[in-house]
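Sequence order for the protein chains is U and Z.
Sequential numbering from 1 applies to the first sequence in this note's numbering.
Sequential numbering from 143 applies to the second sequence in this note's numbering.
I should point out that these hints are in silico values taken from the structure, not numbers from a laboratory.
There's no promise every hint is true.
Here chain U is said to cover these stretches of chain Z; the calculated rule only asks that three of the stretch's residues, wherever they fall, bring their Cβ under 8 Å from a Cβ of chain U [what the hints assert, rightly or not]: (1) 223-236; (2) 288-302; (3) 368-375; (4) 747-760.
Pairwise CB distance ranges, derived in the manner of DEER restraints [what the hints assert, rightly or not]: (5) V21/U x F564/Z: 27 to 35 Å; (6) K562/Z x Q110/U: 22 to 30 Å; (7) F197/Z x I24/U: 46 to 54 Å; (8) N65/U x P309/Z: 38 to 46 Å; (9) E72/U x S484/Z: 37 to 45 Å.
Beta carbons: idealized from backbone N, C-alpha and C, even for Gly.
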Amino acid sequence: MLTTKVKKRAYLLAATLTVSVVAIFFILKSLSSNILYFKSPTEIKNSNDTNFNKKIRVGGMVKKNSLEIDSEEIKFTITDFENEIMVSYSGTVPNLFTEEKGVVAEGKLQDKKFFIADRILAKHDENYMPPELKKIMKENVK
Amino acid sequence: MLSNLGNIILFSSVFLSLTLIFFSFKEINSTGEIISKKIYKISLIQSTLILFCFFTLISAFIISDFSLIAVYQNSHSAKPLFYKISGTWGNHEGSLMLWVIILTVFSFLFLIINKSHPKNYRLYTLIFQNILILGFLFFILFNSNPFSAVKPLPAEGLGLNPILQDPALAIHPPLLYLGFVGSSIYFSAAMASLITNYSNKFFALSIKNWVLISWSFQTFGILVGSIWAYYELGWGGFWFWDPVENASLLPWFAMTALFHSLLVLEKRNLLYFWVIILCLITFILSVMGTFLVRSGILNSVHTFASDPSRGLYILFFLSILIFSSIFLIFKKYKKNDYSINSNSKETFVLINNWFMMFYLLTVLIGTLYPIFTDALSNNKISVGPPFYNAVIFPIVILFLFFMAIGPKTKWIKNNFNNLKSFIVILFFSIVINLLITFFFKSYTILSNLIIISSLFLIISSLLDLKQILIRGKFDLARVISHLSFGFLIFFIGLNHNFSIEKDFNIKVGETKSFEDYQIELKNLEIKDHQNYKAIIGNLSINDLVNGEIKTLKPEIRIYDKPKTLTYEAAIKTNFLKDIYITMSNIDRSEFYNIKFQKKPLMIWIWISVICLAFGGFLRTFQNAKNS
């Protein structure tokens, strides 16, 4: 026979364990549905399983002479010097956003050539470049 | 000259630390219960020297002595004096000096304040603390020495990153460091307590105030950082779940769990090993945060001063901390008989800890996950606000209810004879929430639940406050902190649901209308300042509902040393709302990008956090007075 004290502790332990397992499951599940993948225009072109409903980040350079501005939105082209993608965006633009500089845009793909961004990532100084971008630039710029 | 002086002091500090460790070991083996005067003196000299070293560095910044690498890289002779001084700790090398100062000064204070505790426990704490000091002194000397000489002598410095030239960011690092570097002292004390088997409630008493003080400063530090991000980064938010912000939040969760469990150890002599684990992980998380921020391993928008070689050293130091902690815990672990009644205050404290660990784990996983996927699958990913919002906010609802009920329970065995009052409070919370949705605006079910639960905590804490005023029965510090936390969530909830945001591009002279507002960019002014040039937008905001016309003047600042641009948001604050505008030029065209935001009750979010931290200070003060 188990004493009531032991029983009580077993219950408490079981409850704590269950709650913890559920909690961790919950964390991981939310994580998998909320991560943002970072892609370059070339990666987007080459991928076969593009999900158009999931947010992603696209990074590269703002192409020269591609910037168009009107009162509602900004359009520009992101290039990694091999492939490019058109971006349409309405929202705050970082001050250091300019043609021929690195940019990271967050949003959804409409098709493999057109991207609607809802956020353009700010940079703190002009020398800063996100590590992902550095990699793309290294691979493609000789 | 200052370079040599600084180096000499740093080397003498290493020598003093070694001497302290040596003499402390010698005294541990000697008989007698009193620590000799010698040790006090060395510890005092050590603290004084380190402070003197820091003042040497500050004076180098003030006189712009560019022969020092830290000054050369982070200062400029044309910078205002205030930012010359704050530049001392606004960079990697200088901020490490701040680390060492807090480590040494806390070590000395812990030694002189805890005289009533056993000799060996105090000596071991001193030894461990000095090992930490040595670790950081070596880091400074061999990797990040602010006193390293630059040859040939540069004529001018490179300047401080302009977004760091800000009053809030001048006080942000010292506050935050007092918090998370302050946690070193209970890391050392926990290690000492394991070695000397000093595991009763008196151990809890010896570290209680240190935990509270570091928690309060940590809270303040996080607040000041948030306020800065709010007006300086130009996004209008105050929390972005950025890895750097998360790094400051992780130790905060651990500290919060810790001072709640300490109550159980103090009052009931239970949970000793759990308290030890929390002491250890608080400091480990602090060092881990430093590693994440300084190594540049994480892609954060505010990674300053990152360098892989620094990361390697901190990682090495971090592994030593983790392995030695785990080793000591396993070596000393004893099975305790925990007989906790499931309906008691002890259980409620454990529930608090469970929540804190849940939040900690969530933020930890979210922060570290990108590093692992990058290393394992070469997939570049990031985890953003949607993840944290999805996980944390639903859980906050339950947490707030427990936070209201917990303090009203009794130690050992509780009975819920106040169940009726809880139902009444819940009823009023629901009614108030309904009134808000009815008269102002309806919002999602989740928001409804969050606001109801925060109201539950607020009302029940207000009733406690009434009890204090009548009978002086409950403790004031706890009520203030719990009440402020309730208000914090309440105001965040309202702010989130009632905010208005609008982005648009506009030329000078144009007017933009939307919802109840009409905004005109009248003209631009250009002003020259000591260290930057400002383009000031003259915007008139016409509130069509009450006919109020306000003028706001956001700026674009062009800094020369180093060359960069920053936003300066224009914010009109009153007790009801903030009107917030930032302006940026798009690629030197005639278009200006305007972000307009109405943020209701913004100032109350800041005030709630100030009161939250104040609760911690008040409790420390009360403890000190009682003992």
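Falls inside 37 to 45 Å, the C-beta gap from E72/U to S484/Z? violated (59 Å)
Three residues or more, CB to CB closer than 8 Å: is that satisfied between the stretch 747-760 of chain Z and chain U? With 0 residues close enough to chain U, the hint is violated.
Status of the given 22 to 30 Å range, CB of Q110/U versus CB of K562/Z: 58 Å Cβ-Cβ, so the 22 to 30 Å window is violated.
Verdict on chain U covering the stretch 368-375 of chain Z, criterion of 3 CB contacts below 8 Å: violated (count 1)
Go check the stretch 223-236 of chain Z versus chain U for me, would you? Three or more residues, Cβ under 8 Å, otherwise it fails. violated (count 0)
Per the coverage rule (Cβ-Cβ under 8 Å, at least three residues), is the stretch 288-302 of chain Z covered by chain U? Coverage by chain U is violated here, the residue count being 0 at a Cβ distance below 8 Å.
Status of the given 46 to 54 Å range, CB of I24/U versus CB of F197/Z: Distance hint for F197/Z, I24/U holds at roughly 49 Å.
Look at the Cβ atoms of V21/U and F564/Z and judge whether their distance stays inside 27 to 35 Å. Given range 27 to 35 Å: holds, Cβ gap about 29 Å.
Please check whether N65/U and P309/Z have a Cβ separation lying inside 38 to 46 Å. holds (41 Å)
This entry does not satisfy hints 1, 2, 3, 4, 6, 9, going by the numbered hints stated previously.
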